[in-house]
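**Q** Protein sequences, first through last, are from chains G and P.
The numbering of the first sequence is our numbering, which starts it at 1 and goes up by one.
The numbering of the second sequence is our numbering, which starts it at 1 and goes up by one.
FYI, nobody ran anything at the bench for these hints, they're computed from the structure.
Everything numeric in this text was worked out from a predicted model, so none of it was measured.
Certain hints may be false.
Covered stretches of chain G, as calculated for chain P (at least 3 residues, CB under 8 Å) [claimed, not checked]:
| hint | region |
| --- | --- |
| 1 | 163–169 |
| 2 | 250–259 |
| 3 | 281–291 |
Short, incomplete list of chain P residues facing chain G, as computed with Cβ under 7 Å [stated by the list, open to error]:
| hint | residue |
| --- | --- |
| 4 | L11 |
| 5 | L26 |
| 6 | L116 |
| 7 | P160 |
| 8 | F162 |
| 9 | F163 |
| 10 | I277 |
| 11 | I295 |
| 12 | F310 |
| 13 | A311 |
| 14 | V312 |
| 15 | I314 |
| 16 | L316 |
| 17 | I320 |
Ideal Cβ positions, reconstructed from N, Cα and C, are used throughout, including at glycine.
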Amino acid sequence: MTDATAPRAVAAAAPPATRARGPWRDVWDQFRTHKGALIAGLFLVAITLFAALGPWLWQIDPNALNVRNKDVRPIYTALWDAGAKVSWSHPLGTDQLGRDLLANLIQGGRISLAVGWAAMALSVVLGTLIGVLAGYFKRLDGPLMRFTDLMLALPLLPLLLVMMLLFRDSLRAAFGPETGIFILIVVVIAVTSWMHMARIVRGDVLALKEREFVLAARSIGTPPRRIITRHILPNVLSPIMVSATLGLASAIITESALSFLGLGFPSDFPTWGKLLFDAVDRMADFPERVIWPGLCISLTVLAVNYIGDGLRDALDPRIRGR
Amino acid sequence: MLTFVFRRLLLSIPTLLVIGLVVFLLLDLAPGDPLANQPLSIPPEVREQMRAALGLDKPVYVQFFLWLYQFFVVEPLVLIDRTFGTAFAADQVRILSWQFRSPVMDVIWQRMPQTLWVVGMAYLVGVLIAIPIGIISAVRQYSIFDQIGTLISMIGFSVPTFFTGVLLIVIFSVNLGWLPSIYDTQLVVNDWASFWQQVRQMIMPVAVLALFNASQISRYMRASMLDNLTQDYVRTARAKGVRENAVVMRHVLRNSLIPVVTVIALGVPTIFGGAIITEQVFKVNGIGQLLISAIQNNDIPMVQTLTFIFAVLIVLFNLIADVLYGLLDPRIRYD
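Model the full assembly from the supplied sequences, consistent with the hints where possible.
**A** Here it is in structure tokens:
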């Protein structure tokens, strides 16, 4: 008994300054004070869970046709229109082929979020790699930055559309319709969005490279690879994280814009943008089919942007603790 | 300054050439056959002749240099001919659209006014809204106005334009019936009634794009004002007894506008590029819509020329932004 309490007493008696308080703790404390970011974070978790766990909770096949139950209105329409065709088995209604909107929203969310995360991750890897290489190795700086400037001068949306059209058929043939388009969209979005990240990272690496701790590491013979992974990368993590959140938001928007322009996933493969696009023709009679997917996209992107805002404040040591 | 501009102009030539080449090679890879829409009953040898007529049998580099020649020599000559009534380009072949069978530049010229009116107006409105909002948000930081402004601008650049556009159509065209949902490009403005109709059909697309532009620019404006408000010269001015109004409007505003002006200049190419999605939503047949239809119909000369024009505009306005920065801010020297 005494053995168990003794260390605890020692720990409690120790002054708080000696307790290890990691930098991430400070970041979290600052992040928590940003109400909008906190709510946004909860929302993002909620909608991710909704998409991830949805198919187990709501077991209707999103592609199941049900002509008898087509054009069902959402359940809340009964509040003001008693004659509306509503049904508890389809709380958000069905489309003109009787496909359940809720199941489609879940399935669409899975794909939209997966595309967003994957494209963001790939673009972070590309941007960080090019930024670090250009910032750290002087010989690579010129060519890589000229290349980045060139990419920035390209009109991106047109090129995105052209690339979608170009590689669609060959990737479809290689990986099957769904995986092929998924790979294509992720790669195309990532390839057209890494440039800002690379520029930010390069600037930070250039400044860090001249600092004393890097010099010290180099003077004891640390190879460049180790300097980059041990000393440089942890220090450029915060700008990378902030622009990664913005990248996630823009990847989700780009994917839905591609779907909206009819150049995204194949037609029986719902994403939020695709659901919205398919519903536009009949939005006069069935506005809910436009509004729900649109709300999903907008709220997710809004949440991600708010998280980015909160992260920027939380990771900036000048603001932190104010 | 002049040497800087000159050097940048020279440097932009290889950039543009490489961009032109990249776009050309990308399009050359395109699997789509421009003759895919022709009937299958055409005999193969005739099909070959048709391909030859489009110049498709030549090697890629010949096609590329031909396009460059047409873009940089023939089209300017045509422009000179049109303005001065000369006939330099009388027997030259212009860049022909495969889709419309007419010169690409003529089609672009027809589509330009719609895009400039709608997208340009939206940009202007956006800037005019954004600057006062940015100023007030910064001066009254963390006030109710600032909080609401922040929320609205967050919404503005989070909600994609295809959703705001569709939402506005559902509310104002379908439910209320106040505004037309389709932009009528045939409309000729010649009296008050048609002018009013033009205004009504422009309200929604302009509002959608203006919200998007304003939300971005107002964030820049606010950040830039906040940066300047904590500077020493502001404290000096206040200590001298300059009225707060004059401090903000004369001292801080002028300095804060420098980075914002360059941001505004950098956004101008998007006006010409047309807001592809907004034009699609409201069925404005401007440049963006032209590009989409060209991509869908494998109209390679059109896509090539349009993308290249966008690239030229981006490079040009990057240069203009840099020059403006140097002109407005005497601390920046480009020598």
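**Q** Regarding the hint that P/V312 lies at the interface with chain G, is the smallest CB-CB distance below 7 Å?
**A** 9 Å, violated
**Q** Would you check whether P/F163 satisfies its interface hint, that is, whether its CB is within less than 7 Å of any CB in chain G?
**A** The hint holds - P/F163 has a Cβ within 7 Å of chain G, the shortest such distance being about 4 Å.
**Q** Taking 8 Å as the Cβ threshold, is the statement that the region 250–259 of chain G is covered by chain P upheld or broken by the three-residue rule?
**A** Answer holds; 3 residues pass the 8 Å Cβ test.
**Q** Cut-off 8 Å, C-beta pairs, minimum 3 residues; does the coverage of the region 281–291 of chain G by chain P stand?
**A** holds (count 5)
**Q** Using the nearest Cβ pair, does P/L316 come within less than 7 Å of chain G?
**A** Violated - the Cβ of P/L316 stays beyond 7 Å from chain G, reaching only about 10 Å at its closest.
**Q** Would you settle whether the hint for P/F162 is holds or violated, based on the nearest Cβ-Cβ distance to chain G being less than 7 Å?
**A** For P/F162, the interface hint holds, since the closest Cβ of chain G sits about 5 Å away, which is under 7 Å.
**Q** With a cut-off of 8 Å between beta carbons, are at least three residues of the region 163–169 of chain G near chain P?
**A** Our answer is that it holds, as 4 residues pass the Cβ test (under 8 Å) against chain P, meeting three.
**Q** Answer holds if the nearest beta-carbon of chain G is closer than 7 Å to that of P/P160; otherwise answer violated.
**A** Hint on P/P160: holds, closest Cβ of chain G at ~5 Å, below 7 Å.
**Q** Does the closest beta carbon of chain G sit nearer than 7 Å to the beta carbon of P/F310?
**A** 4 Å, holds
**Q** Holds or violated: P/I314 as interface residue toward chain G, Cβ cutoff 7 Å?
**A** It holds, given that the least Cβ distance between P/I314 and chain G is near 5 Å, below 7 Å.
**Q** Classify the hint on P/I277 as holds or violated, based on whether any CB of chain G lies nearer than 7 Å to its CB.
**A** 6 Å, holds
**Q** Hint validation: P/A311 versus chain G, beta carbon distance must be below 7 Å. Holds or violated?
**A** 6 Å, holds
Checked against the numbered hints given earlier, this structure breaks hints 4, 6, 14, 16, 17; the rest are met.
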